[in-house]
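Read top to bottom, the protein sequences are chains F and S.
If you count by the working numbering, then the first sequence holds residues 2 to 461, one letter each, in order.
If you count by the working numbering, then the second sequence holds residues 2 to 461, one letter each, in order.
Take the hints with a grain of salt, since some may be wrong.
Simulated coverage check for chain S against chain F, where a stretch passes if three residues somewhere in it have a Cβ under 8 Å from a Cβ of chain F [stated by the list, open to error]:
hint	stretch
1	346-357
2	417-426
Distance windows between CB atoms, simulated [unchecked claim]:
hint	chain 1	residue 1	chain 2	residue 2	range
3	S	Gly-37	F	Leu-215	34 to 42 Å
4	S	Cys-30	F	Gln-220	53 to 61 Å
5	S	Glu-125	F	Gln-387	51 to 59 Å
6	S	Leu-408	F	Lys-333	53 to 61 Å
7	S	Cys-30	F	Glu-290	54 to 62 Å
8	S	Leu-215	F	Pro-449	36 to 44 Å
9	S	His-303	F	Ser-328	44 to 52 Å
10	F	Leu-266	S	Leu-215	31 to 39 Å
11	S	Lys-445	F	Ala-14	34 to 42 Å
Straight-line alpha carbon distances no greater than 27 Å define the calculated DSS-like cross-link-like pairs of lysine-lysine that follow [said to hold, decoys possible]:
hint	chain 1	residue 1	chain 2	residue 2
12	F	Lys-445	S	Lys-59
13	S	Lys-398	S	Lys-363
14	S	Lys-441	F	Lys-59
These are calculated hints, taken from the structure and not from any lab test.
Backbone N, C-alpha and C define an ideal beta-carbon position, used for all residues, glycine too.
2 protein chains.
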Amino acid sequence: MGFTGNTVKELEAIVGKAGVTLDSEELLCYSYDATGRSYLPQAVVFPSTEAQAADILKLAFANSIPVVPRGSGSGMTGGAVPVQGGIVLVTSQMNRILEIDRENFIARVQPGVIVGDLHRAVEEKGLFYPPDPASSSVCTIGGNVGECAGGPRAVKYGVTRDYILGLRAVLPSGEIIRTGVATAKGVAGYDLTRLIVGSEGTLALVTEITLRLLAKPEQVKTMAAFFDSVDQAARTVSGIMKQAIVPRCVEYLDEASIRLVRDSLSFEMPDSVKALLILELDGDSDTIEREAVQVRDFCEGHGSLDVILAENQAQADQLWQARKALSPILFKIAKNKINEDIVVPISRIPDLVRETRKIQEKSGLTLVSFGHAGDGNIHCNIMYDQRDKDQAERAEKAVDDLFEVTLNLGGTITGEHGVGITKMKFLPREISSIELNLMKGIKKVFDPENILNPGKIFIQ
Amino acid sequence: MGFTGNTVKELEAIVGKAGVTLDSEELLCYSYDATGRSYLPQAVVFPSTEAQAADILKLAFANSIPVVPRGSGSGMTGGAVPVQGGIVLVTSQMNRILEIDRENFIARVQPGVIVGDLHRAVEEKGLFYPPDPASSSVCTIGGNVGECAGGPRAVKYGVTRDYILGLRAVLPSGEIIRTGVATAKGVAGYDLTRLIVGSEGTLALVTEITLRLLAKPEQVKTMAAFFDSVDQAARTVSGIMKQAIVPRCVEYLDEASIRLVRDSLSFEMPDSVKALLILELDGDSDTIEREAVQVRDFCEGHGSLDVILAENQAQADQLWQARKALSPILFKIAKNKINEDIVVPISRIPDLVRETRKIQEKSGLTLVSFGHAGDGNIHCNIMYDQRDKDQAERAEKAVDDLFEVTLNLGGTITGEHGVGITKMKFLPREISSIELNLMKGIKKVFDPENILNPGKIFIQ
Numbered sequence: 002m003g004f005t006g007n008t009v010k011e012l013e014a015i016v017g018k019a020g021v022t023l024d025s026e027e028l029l030c031y032s033y034d035a036t037g038r039s040y041l042p043q044a045v046v047f048p049s050t051e052a053q054a055a056d057i058l059k060l061a062f063a064n065s066i067p068v069v070p071r072g073s074g075s076g077m078t079g080g081a082v083p084v085q086g087g088i089v090l091v092t093s094q095m096n097r098i099l100e101i102d103r104e105n106f107i108a109r110v111q112p113g114v115i116v117g118d119l120h121r122a123v124e125e126k127g128l129f130y131p132p133d134p135a136s137s138s139v140c141t142i143g144g145n146v147g148e149c150a151g152g153p154r155a156v157k158y159g160v161t162r163d164y165i166l167g168l169r170a171v172l173p174s175g176e177i178i179r180t181g182v183a184t185a186k187g188v189a190g191y192d193l194t195r196l197i198v199g200s201e202g203t204l205a206l207v208t209e210i211t212l213r214l215l216a217k218p219e220q221v222k223t224m225a226a227f228f229d230s231v232d233q234a235a236r237t238v239s240g241i242m243k244q245a246i247v248p249r250c251v252e253y254l255d256e257a258s259i260r261l262v263r264d265s266l267s268f269e270m271p272d273s274v275k276a277l278l279i280l281e282l283d284g285d286s287d288t289i290e291r292e293a294v295q296v297r298d299f300c301e302g303h304g305s306l307d308v309i310l311a312e313n314q315a316q317a318d319q320l321w322q323a324r325k326a327l328s329p330i331l332f333k334i335a336k337n338k339i340n341e342d343i344v345v346p347i348s349r350i351p352d353l354v355r356e357t358r359k360i361q362e363k364s365g366l367t368l369v370s371f372g373h374a375g376d377g378n379i380h381c382n383i384m385y386d387q388r389d390k391d392q393a394e395r396a397e398k399a400v401d402d403l404f405e406v407t408l409n410l411g412g413t414i415t416g417e418h419g420v421g422i423t424k425m426k427f428l429p430r431e432i433s434s435i436e437l438n439l440m441k442g443i444k445k446v447f448d449p450e451n452i453l454n455p456g457k458i459f460i461q
Numbered sequence: 002m003g004f005t006g007n008t009v010k011e012l013e014a015i016v017g018k019a020g021v022t023l024d025s026e027e028l029l030c031y032s033y034d035a036t037g038r039s040y041l042p043q044a045v046v047f048p049s050t051e052a053q054a055a056d057i058l059k060l061a062f063a064n065s066i067p068v069v070p071r072g073s074g075s076g077m078t079g080g081a082v083p084v085q086g087g088i089v090l091v092t093s094q095m096n097r098i099l100e101i102d103r104e105n106f107i108a109r110v111q112p113g114v115i116v117g118d119l120h121r122a123v124e125e126k127g128l129f130y131p132p133d134p135a136s137s138s139v140c141t142i143g144g145n146v147g148e149c150a151g152g153p154r155a156v157k158y159g160v161t162r163d164y165i166l167g168l169r170a171v172l173p174s175g176e177i178i179r180t181g182v183a184t185a186k187g188v189a190g191y192d193l194t195r196l197i198v199g200s201e202g203t204l205a206l207v208t209e210i211t212l213r214l215l216a217k218p219e220q221v222k223t224m225a226a227f228f229d230s231v232d233q234a235a236r237t238v239s240g241i242m243k244q245a246i247v248p249r250c251v252e253y254l255d256e257a258s259i260r261l262v263r264d265s266l267s268f269e270m271p272d273s274v275k276a277l278l279i280l281e282l283d284g285d286s287d288t289i290e291r292e293a294v295q296v297r298d299f300c301e302g303h304g305s306l307d308v309i310l311a312e313n314q315a316q317a318d319q320l321w322q323a324r325k326a327l328s329p330i331l332f333k334i335a336k337n338k339i340n341e342d343i344v345v346p347i348s349r350i351p352d353l354v355r356e357t358r359k360i361q362e363k364s365g366l367t368l369v370s371f372g373h374a375g376d377g378n379i380h381c382n383i384m385y386d387q388r389d390k391d392q393a394e395r396a397e398k399a400v401d402d403l404f405e406v407t408l409n410l411g412g413t414i415t416g417e418h419g420v421g422i423t424k425m426k427f428l429p430r431e432i433s434s435i436e437l438n439l440m441k442g443i444k445k446v447f448d449p450e451n452i453l454n455p456g457k458i459f460i461q
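Using the sequences provided together with the hints, build the complete structure.
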């Protein structure tokens, strides 16, 4: 039992010598994800077929070896980190787009496909896969399924879950399952598809994904609106939506964010700006030209200091730059950040902003908030220096306070990053033991030996 | 153990004398649903609060009495039929709309709310709840959650699942759970919400539903397009969607349907018509006026014999009349019908039509097909006389053949009606024993005593 020299031989028999890595530097590379937490695996394996993946799980099941599915390791909560060692199973060799069906608006893909590549491939055929997490140039669709990734376009188009029609997957026992349908509708039996979506790789190893696609919108229109009050900005967001205009993105930058990026931008902002909204409309050109004017007028009529309407792609890129420059520039403030993807009802965003200000004062740390205001999903970044024990403790307390505030406002501790290991201890604050026991019962049905991504989501 | 005289007393202690019915005529009324299959319960109970519902389940759990949740009994697969007797728990006294939150586009409702009432209530506030099954004037939102109801607007707006953010529910043990969120996004823990949606009342008794709402579309435009070939009609459907125009409804009537309703309609149809599409666009008035013309031109350019564009609500109602007159008029052909809500990929609709023609010839029965062509969800009605044993057998064989054909075309045996009792024996053709065992394992986690709606979905 457990991982032995013999395990290596058996793994090599399944995927070939080139498909198994034991090299200590390589093991280190696959020991962490975007959280920076690191746990060494005993081997990294790269199956290239579903049959190989199934054989790896059979071997692991028979020997009680943990198996941790991994896409690109860009996850934000430690989902791909092998906290109990064992095998990291990387999907990078299963990265083919198997089919794009224009007649039925469907694609079949393997889990290792990079989301950005999927976007390009379907858009070339006049189709559209809406979910677009910030990491789309590196993250895999398998990882997106595992975490139920969101991103800025969720306001209008929903999240990964809303585009997954069916799955092929390997159970921890090595048995292969098919869930869901390849049609627009389907309700036969319990919804295993959406149970696996967002289960953070703890229930089954996804080997093939059937995606629902849309027709590609004809045009996109980007604009930025500046406010001297967060309350105004938040009220404007729900005001726009009440007019039956649903922008595909409504991104928000708080005062601290604006201060950070201001100097690096190629457009002017009013001095008194305290909140910035970047809005993006899509649809046919006539409609969005008209809607853009409506949205601009609405913003201006609701206290906006100024509105910039991008006239072309270059100008649109400049506006987006404000948002995209943020993540790297954050490290100017402090060496480390904790990025929490909390969600509150849109109307409570101003309360959240007030409360984060209090947390900032109390902790003495800088908090920078930005994100998907259109669905209340704000990324709160707590900036600190990990090596400074006192700062680290204050940062941890700040996270605690932030979750408390979020739940009191009727929100959730995670909108799109999942629980992983970083939010494990907070999950019982949002979800009571009765529901957690149901989830643990489901985990046991799928994974009686607890070998698939063990030590995640729930404190056992 | 089991249902005794004492059970009646305890039920009366929970809901009061007026809340329990033992009267044999009443029991008969609650013994069947829209399938016409009838199984007598031992009591019908009408809780008016979640606490009462929980107490009923505690009592049933302690005494191993089956409990069958029931809304209006308009289900098409026997979901609300008490096949093992016991208690029918009717949600009609839990029918309050608790909250409509315009700021956050959310409603909280009890399960007994009639879907049509919900539509009206939210639309009065400028909001919109898209799912609209044909039975919306009588069916309950709780029933819609149980079956994951669809309806014609699913083409553009998706199904019930896509609008359920969170639930309160009572487990078979009587414990109360809360699932999901009251925000647009949320991924904390496994997706119990969507596991319960579509579980046909077998996992938990839903007591409160948090719904996602949209802004009400400014205007609706209805049109009808006539074709002398089903293939043309089907190709037109996917052609329209490729142009990035997504009608909110694309309803289809086959030749048999058209023949049935032709005389009762107040508009003219070309003689050679073999397929009718009723299309509905919604959005702001400028856009849909333009899109309507585009769709009309597209239909005319793709072999449509004629297109009627409704100029006002009265004309739109006339067009819809063709679709709405169908269900009652079907009984002109035969005393009984089996209505199967199969789904195939849109591009396979012409194949399905050819195959149903063969089934018609082989069975000697009349098949009438109509439904939601936009998502490939066709309602196939097999007309027969139940009292004629030979016809009943041929009808059963026709269902068998229809499901075989559907699965061979890459489809599913149920798009929106669920499995219930009528499709139970066919489910293993679509879903293999490995996945069925997972589902049965999940059922056991939620309902270890198998008291909640037993005898449904799975053959035990």
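How the hints compare with the structure:
no.: 1; hint: 346-357; in the structure: holds (count 3)
no.: 2; hint: 417-426; in the structure: holds (count 5)
no.: 3; hint: S:Gly-37 x F:Leu-215: 34 to 42 Å; in the structure: holds (40 Å)
no.: 4; hint: S:Cys-30 x F:Gln-220: 53 to 61 Å; in the structure: holds (56 Å)
no.: 5; hint: S:Glu-125 x F:Gln-387: 51 to 59 Å; in the structure: holds (54 Å)
no.: 6; hint: S:Leu-408 x F:Lys-333: 53 to 61 Å; in the structure: holds (58 Å)
no.: 7; hint: S:Cys-30 x F:Glu-290: 54 to 62 Å; in the structure: holds (57 Å)
no.: 8; hint: S:Leu-215 x F:Pro-449: 36 to 44 Å; in the structure: holds (42 Å)
no.: 9; hint: S:His-303 x F:Ser-328: 44 to 52 Å; in the structure: holds (48 Å)
no.: 10; hint: F:Leu-266 x S:Leu-215: 31 to 39 Å; in the structure: holds (34 Å)
no.: 11; hint: S:Lys-445 x F:Ala-14: 34 to 42 Å; in the structure: holds (37 Å)
no.: 12; hint: F:Lys-445 x S:Lys-59; in the structure: holds (25 Å)
no.: 13; hint: S:Lys-398 x S:Lys-363; in the structure: holds (10 Å)
no.: 14; hint: S:Lys-441 x F:Lys-59; in the structure: holds (22 Å)
Violated hints for the displayed structure: none, as all numbered hints are satisfied.
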